[in-house]
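Residue numbers (our numbering), protein chains in the order written: chain A, -5 to 305; chain B, -5 to 305; chain C, -5 to 305; chain D, -5 to 305.
You may find that some hints are simply not true.
The list treats identical chains as one, so a pair stands whether inside a single copy or across any two.
[What the hints assert, rightly or not] Below, simulated DMTMM-like cross-link-like pairs (lysine to aspartate or glutamate); rule was C-alpha separation at most 20 angstroms, straight line:
hint	residue 1	residue 2
1	142	248
2	142	116
3	142	166
Calculated directly from the structure, the hints in this document are not laboratory data.
Okay, here's what each chain looks like letter by letter:
Number of protein chains: 4
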Amino acid sequence: MTTPAPRYTGVVPPTLTPLTEDGAVDDVSLERLVERLLAGGVHGIFALGSSGETVFLTDEQRDRALEVIVKTVGGTVPVIAGCIEPTTPRVLTRAAAATRLGADAVVTTAPFYAIVGPHEVERHFRAVAAAVDLPLLAYDIPVCVHTKLPVALLTGLAVDGVLAGVKDSSGDDVGFRQLLLAVREADVEGFSVLTGHEVVVDAMMLAGASGSVPGLGNVDPEGYVRLHAACVRGDWESARAEQDRLTRLFRIVDAADPATAGGATRGVGAFKTALQLLGVIESNAVSLPLRPLDGAEATRVRTELELAGLL
Amino acid sequence: MTTPAPRYTGVVPPTLTPLTEDGAVDDVSLERLVERLLAGGVHGIFALGSSGETVFLTDEQRDRALEVIVKTVGGTVPVIAGCIEPTTPRVLTRAAAATRLGADAVVTTAPFYAIVGPHEVERHFRAVAAAVDLPLLAYDIPVCVHTKLPVALLTGLAVDGVLAGVKDSSGDDVGFRQLLLAVREADVEGFSVLTGHEVVVDAMMLAGASGSVPGLGNVDPEGYVRLHAACVRGDWESARAEQDRLTRLFRIVDAADPATAGGATRGVGAFKTALQLLGVIESNAVSLPLRPLDGAEATRVRTELELAGLL
Amino acid sequence: MTTPAPRYTGVVPPTLTPLTEDGAVDDVSLERLVERLLAGGVHGIFALGSSGETVFLTDEQRDRALEVIVKTVGGTVPVIAGCIEPTTPRVLTRAAAATRLGADAVVTTAPFYAIVGPHEVERHFRAVAAAVDLPLLAYDIPVCVHTKLPVALLTGLAVDGVLAGVKDSSGDDVGFRQLLLAVREADVEGFSVLTGHEVVVDAMMLAGASGSVPGLGNVDPEGYVRLHAACVRGDWESARAEQDRLTRLFRIVDAADPATAGGATRGVGAFKTALQLLGVIESNAVSLPLRPLDGAEATRVRTELELAGLL
Amino acid sequence: MTTPAPRYTGVVPPTLTPLTEDGAVDDVSLERLVERLLAGGVHGIFALGSSGETVFLTDEQRDRALEVIVKTVGGTVPVIAGCIEPTTPRVLTRAAAATRLGADAVVTTAPFYAIVGPHEVERHFRAVAAAVDLPLLAYDIPVCVHTKLPVALLTGLAVDGVLAGVKDSSGDDVGFRQLLLAVREADVEGFSVLTGHEVVVDAMMLAGASGSVPGLGNVDPEGYVRLHAACVRGDWESARAEQDRLTRLFRIVDAADPATAGGATRGVGAFKTALQLLGVIESNAVSLPLRPLDGAEATRVRTELELAGLL
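With the sequences and hints as input, model every part of the structure.
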């Protein structure tokens, strides 16, 4: 294989956005969180993604969070900034902000809310790329936007230089493998394929992924960095063992009672609670209409952290 | 039945937002459009809804469009302003703008993009209502937000005074009928149930709806006003005949080639093209990633307008 | 409009299949059920549909149920027999049985389980019609087969004489209205459009439906016959009042605890329980994996029957 | 790890059912196909699965196909027989046939067509297991049955001895990994977890799968046997290389024109065409409403076979 290495590789956690009890961005906690990720050896930061509650934050809060992240990272690793809005014009507004605030790359999803077909989806990515100076990644997250980005579209946009990479949260490992094969065959220079699924990183790395964007990496960055290193050196047994430990840890997302907590509450709520228990962030507050985990739920998170050797 | 009359009744078209060729809000065309609706006898204006391309507009454009609408309406009929954002904090930002700009009521959907369950959906509407001074309507549009608002939830929120009404674009006539029965039985004061489906207004009025929010009403407001009047006076044969004419006219949404046009392009694109052909708005431009209808497609729209007696 | 009257009109209940406690078809109860429907004035019988538990019955049980129905009806009204199987060859096997057992027409759905596209769906209906001597109706029930039959397909098949009618359980009133308009404009001889949604029969009759296939018609055939008569004579206020009463009665489907009962249990289970309480059928037994309603749930059904004046 | 080895491991291809041009089961071709699989070293046969067109075959055809398979296999490897019917009573009919005809195990899906909830799904598997003497596997295929089997349900049924294994065609690698971890932690004796996704076998084996049920294994059994062997001996680089070759070969499913061919036509149609080109089966005929691949499409299949070194 003589294809140039992908531009974005390794562990690129989708940073949470810590909040104060009254809903403001908690700068100090965010700084501490980012510093801990960097100390853990991560290879990049994915700001303002789904785990970062980006669709819950006002534009001012988004700007503030990105500012803190960029400043804390200080150019040591790339910062990829989520520009998550339903349509092209609104994405462009966010991309302008990301550019102004010093992000290294931007990432956007297929349009959502708007009822669009494949032509609109393609036009969306092409229009964003044409208007933005930074590299553009596609964020494939059908569970949120209800459109799956087809392998042929992604490959075509890669070949045309529209996209610099993909973050895959589609849960479609078959399509993921086919995409990896297609971009390799097309010999696309520097194209990055990152998996967003924290419990199958070893498997997707074996399949040829460039790296991962693990929400759980907020909680255990060192674990993901070890896992990535094992994959890179071809030590698949160690990778599998580390992944199994992390898959077990991922059960913190089952801590919140599903009878009163939807997916975002269970996920972001658990990650924040874990980081609060670990002393990294001040509060486990989440944005409305989510709710923070309560005491009994936090106890369950604590137990998993202890089992994983983090507490 | 002694329940007080619903607050919002009659024909409440979801106003389009005319754009200039370079994507700005076309104030003059918008004013002309609203004046024509008022002249046609409509009973309210639904601003910044799906037909108004609200998720395509920047906040500045949304403000501008609402300003023009409120000023043109001049208090003659209520203006219900869409506050369509994925989550509670962002909806509140828009609701503040709507209040400031003089809307009479606000309307919001279930959360979208965010992965939420029934508890978050209920918390969302309660939190918005608690924070906003204007009456709040729920916009039930699962095709866009991928959550159907259950009859029991809507009825409960109506009884608790959280909601002043519902705009139903769910396509679920069974649930619509059950909701109508439930709010009538609960004797909810002034609660409005509006159908968003322009081709079944007669049927839904027979079922007990308060009125309609017909996208096609932008094109033929007088037709919908006649239809509503026939329903109100119990002249169901006339209502049916008028509805059949309008259902035929609705075929303008089939003018755009589905091979290259998604739902929003076909719908909003056709409405705008019709209004351009009718001399009401200057351009049929739509927001990216939609595309305007081309010449051949516009010819098909023209044919339907002629068949309907509008040209 | 000079189009000939549709072949199947009026109230065509989808007959339940009463079972004994040990799961056999209860011939005596079935006979009594059908006789009560006929006495109530229904205009046809829809045998072996979803309400008839057809996908739960063995082929022998299906044959037995159809035999009893055909014999009891004795040619007084048409019997339309469901041939509900995933694919063409298996539907043909059932259609042969229906023909042999004396049905007047057959009805089939789009393929299910098999992953098919529009071409396969069209080929399916054409192949069934070509192989079967009886008139063929399409059963549009996306909630079960996960394919919606498009208006253009149905209209085309109607024009080509492939289909004699449609039973619509799609919950898509917009498509239903467009279909009604399209077949009327195409002047299709004798084509029947029947709604399967028992709570909007008045509205769909106003929209131009030929009749209804109400599951709840098993419980209150006289109510549906009165409703149909009111619609036919244009007395829409009476139709609406009767429909409102029946919509209220339909709440028996909320009697079973949703925490332990899926949709089929709640629906068929409630209908059977009601008929048992009314003394029409011996047992409220349903097929595995459904469960019969328990005592507390039956009490709720009884209350609704009393409110509706049936007990 | 001291858990006993899973009962079913290795490569267990879901055998196609070759048909004659007039739609009968082609015994001779089927025998030849099975013999080639055995000669290729497969570890089991999955009969009457989705690839075997089971929902297209009449009961007589299903019996005939299973008879031929069991006889040809002659006890050298286990035969797992699909009992794919919408509901419990009908599955039991097929399970009785499978038992009578000498299958070693049976496999069934969640109910389909019927509208059921989690309780009915669980009752279904428990009722089937209770009534059948052979080991029972669950077939998790939401794309066909529109229900995903939850990890907690599968684990619970495994622990209770209801299920002997799972064939996963869910496309949900996250759930797959969590299931593997859960059954390992629960120390379930001999439980088998087989992946049905032919392009990620290496990755899923790394994650801990027992084996695979690859439709493409009909075409290249030796490739899948080599792939499995590499995984078992921990030679992940060889496994990945073999998997990449097979992922490329899987592109035969893109040979049929998607404008006129749905998923089943493209998949089963391509596999049959490949086997016809390889001289294993007589005809590439498929069941209605599918269509066989045409000449141009077959040429594309041939090209892929050549690239893969099979022709």
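Against the structure, the hints:
In this homomeric assembly, residue 142 and residue 248 come within 20 angstroms of each other (Cα to Cα) only across copies, at 18 angstroms, whereas the closest approach inside a single copy is 26 angstroms. Taking identical chains as interchangeable, the C-alpha atoms of residue 142 and residue 116 lie at most 20 angstroms apart only when both belong to the same chain, with a minimum of 12 angstroms there against 26 angstroms between chains. With identical chains, the CA atoms of residue 142 and residue 166 are at most 20 angstroms apart both within one copy (9 angstroms) and between copies (14 angstroms).
Of the numbered hints stated above, none is contradicted by the structure.
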